[in-house]
Amino acid sequence: MTVNQNELLSALVDGELQGKELDDVLQLLNTNEQARRQLQRYQHTSDLLHDHSVSHHHIDLTDRVSAALDDDAAFTTSSNNTAQIIAFPKHFWKQAVSLAVAASIGALAVVGVMTQPENQLIQPPQMASVEVETTPMVVAKTGKRWTVEEQEIEERLNSYLVDHNEYAGASGVFSYARVVSYDMGQ
Amino acid sequence: MKKVFQFVLACSALVLSFNTAAEPQAMQTLERMGVVAKQLNYDGIFSYQAGNKLQSIRIIHRADEQGEVERLISLNGVAREVIRTNDMVTCIYPEGKPVQENHRPLGRGFPTDFLRRLSSAEAYYQFSLGQKGRVASHHTQEIVATPIDNYRYGYSLWVDKDNDLLLQSDLLDSMGNVLETFSFSSVEMGQDIPEQSLKPEMQGNAMSWNRNEYGLSAVKVTQDQSSIWQVTWLPKGFNLVTQQNRFKARNGASIEQQVYSDGLSSVSIFFEKIRARHSHLHGGSKMGAANAFGTIMNAHFITVVGEVPARTVEKMGNSIRFNGAE
Numbered sequence: 022m023t024v025n026q027n028e029l030l031s032a033l034v035d036g037e038l039q040g041k042e043l044d045d046v047l048q049l050l051n052t053n054e055q056a057r058r059q060l061q062r063y064q065h066t067s068d069l070l071h072d073h074s075v076s077h078h079h080i081d082l083t084d085r086v087s088a089a090l091d092d093d094a095a096f097t098t099s100s101n102n103t104a105q106i107i108a109f110p111k112h113f114w115k116q117a118v119s120l121a122v123a124a125s126i127g128a129l130a131v132v133g134v135m136t137q138p139e140n141q142l143i144q145p146p147q148m149a150s151v152e153v154e155t156t157p158m159v160v161a162k163t164g165k166r167w168t169v170e171e172q173e174i175e176e177r178l179n180s181y182l183v184d185h186n187e188y189a190g191a192s193g194v195f196s197y198a199r200v201v202s203y204d205m206g207q
Numbered sequence: 007m008k009k010v011f012q013f014v015l016a017c018s019a020l021v022l023s024f025n026t027a028a029e030p031q032a033m034q035t036l037e038r039m040g041v042v043a044k045q046l047n048y049d050g051i052f053s054y055q056a057g058n059k060l061q062s063i064r065i066i067h068r069a070d071e072q073g074e075v076e077r078l079i080s081l082n083g084v085a086r087e088v089i090r091t092n093d094m095v096t097c098i099y100p101e102g103k104p105v106q107e108n109h110r111p112l113g114r115g116f117p118t119d120f121l122r123r124l125s126s127a128e129a130y131y132q133f134s135l136g137q138k139g140r141v142a143s144h145h146t147q148e149i150v151a152t153p154i155d156n157y158r159y160g161y162s163l164w165v166d167k168d169n170d171l172l173l174q175s176d177l178l179d180s181m182g183n184v185l186e187t188f189s190f191s192s193v194e195m196g197q198d199i200p201e202q203s204l205k206p207e208m209q210g211n212a213m214s215w216n217r218n219e220y221g222l223s224a225v226k227v228t229q230d231q232s233s234i235w236q237v238t239w240l241p242k243g244f245n246l247v248t249q250q251n252r253f254k255a256r257n258g259a260s261i262e263q264q265v266y267s268d269g270l271s272s273v274s275i276f277f278e279k280i281r282a283r284h285s286h287l288h289g290g291s292k293m294g295a296a297n298a299f300g301t302i303m304n305a306h307f308i309t310v311v312g313e314v315p316a317r318t319v320e321k322m323g324n325s326i327r328f329n330g331a332e
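So the protein lines, in turn, are chains A and B. This note's numbering numbers the first residue of the first sequence as 22 and each following residue consecutively. This note's numbering numbers the first residue of the second sequence as 7 and each following residue consecutively.
Heads up, some of the hints might be wrong.
As a list, the in silico BS3-like pairs of lysine-lysine whose alpha-carbon atoms are at most 30 Å apart [said to hold, decoys possible]:
hint	chain 1	residue 1	chain 2	residue 2
1	A	41	B	205
2	B	205	B	59
3	B	44	B	59
4	B	44	B	205
5	B	138	B	44
6	B	279	A	41
Please keep in mind that the hints were generated in silico from the structure rather than gathered at the bench.
Same shape as in the complex, but just chain A (with noise of 0.2 Å):
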């Protein structure tokens, strides 16, 4: 595994992936065991930093995990030791994938996801399209709101320009005027 492999398999774990970056790494956890190793690990770890309930999932994993993070030896690269801490079905893993790229959609997904029949799991091709996330690059086209789909993205970026503005314009008479005539709701 590489420092790169690992950032891609947390990334995941985020929800921060898309396009080619989340097919590689799909790639990835398809071929490699490895990989699909340490996603576990990083799943587990946020399942546990953001309070998800693993017993929600009718495995309690939550001694285990937490011994596993005080002892962080458990986690080598090892298939003995990983199957010595848990033995999960065969299908965990296509759940685990599905949990990562629900993670992206939002937290109330994931108990959801995994708690689906095996037939019911959306397969990797069919996630790499969801870029719930994503917003393409729009060309250019001058106006008084910003060129982007969601209105968080757009607050966002308005927050922003409200502290760039200190910063702009040639002589600070007219620096706060794009503020001010922003075209919020037209």
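Following the hints, position chain B against chain A.
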């Protein structure tokens, strides 16, 4: 042939002498403009035009021994106000049912001295005197700032001939097209500005005031010279002019802002640690003449914002490297 050569040489000398004479005069006008903008009282209405959108804004500016206060009020469309004091800006957005009041401290460290900024910009723009004109019934002199490359925009600044206040500012792309214009339609200068004129009109309404997450006590700006981020490409002449951290109390997120400038054009880069699952800009976006480029790196939202061409924010954004510990 010799006479032709002498004629060409004479013409060249004439053109050169004209340029070298014009440029210092342009610089002197800009220098006075920078001073006046901070020291003069004025109350006027200007329009902001970007593309086919036009907005009228009233601006009231007062300068005294306590510093500057400035109030901007949108006159058409949604009522909105921005009040800037020396170190605080308050944005009032009555977009929804309640009014939203957004206080935040201004950053520090940026050279507010326009003269110093101007001297930095001198190497990256050609400043020259343009046409004479008339803006808001005032006689004006145009100063043209032409950039040396296409990583920044040019400016056409129309300055009052009598008191050097900037009355119109046009931002120009490399083809000379006007990207946005600020232009006074009427303005009075030098009068007393009563305190009441600088109070928000919406204050007297019965509407509730809903402070958003940037509440007055919620934002803290700190200077921090160390950064885990490195911008490996900058346009010529752009230097880091300020770097600060802003903390948002609601979610505890820390936002680092780095500002790069060549003296006239500025670009801010925001590094916001991801504290929850949120959407973020991926690629470019545009608003008026401002361009933004967003990406995600090492669990941070990274956003580059500035009144520069899209290629500039994109190239800067793609050059950012994470230098922190994994």
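Verification of the supplied hints:
no.	hint	result
1	41(A) with 205(B)	53 Å, violated
2	205(B) with 59(B)	28 Å, holds
3	44(B) with 59(B)	28 Å, holds
4	44(B) with 205(B)	19 Å, holds
5	138(B) with 44(B)	24 Å, holds
6	279(B) with 41(A)	23 Å, holds
Checked against the numbered hints above, the structure violates only hint 1.
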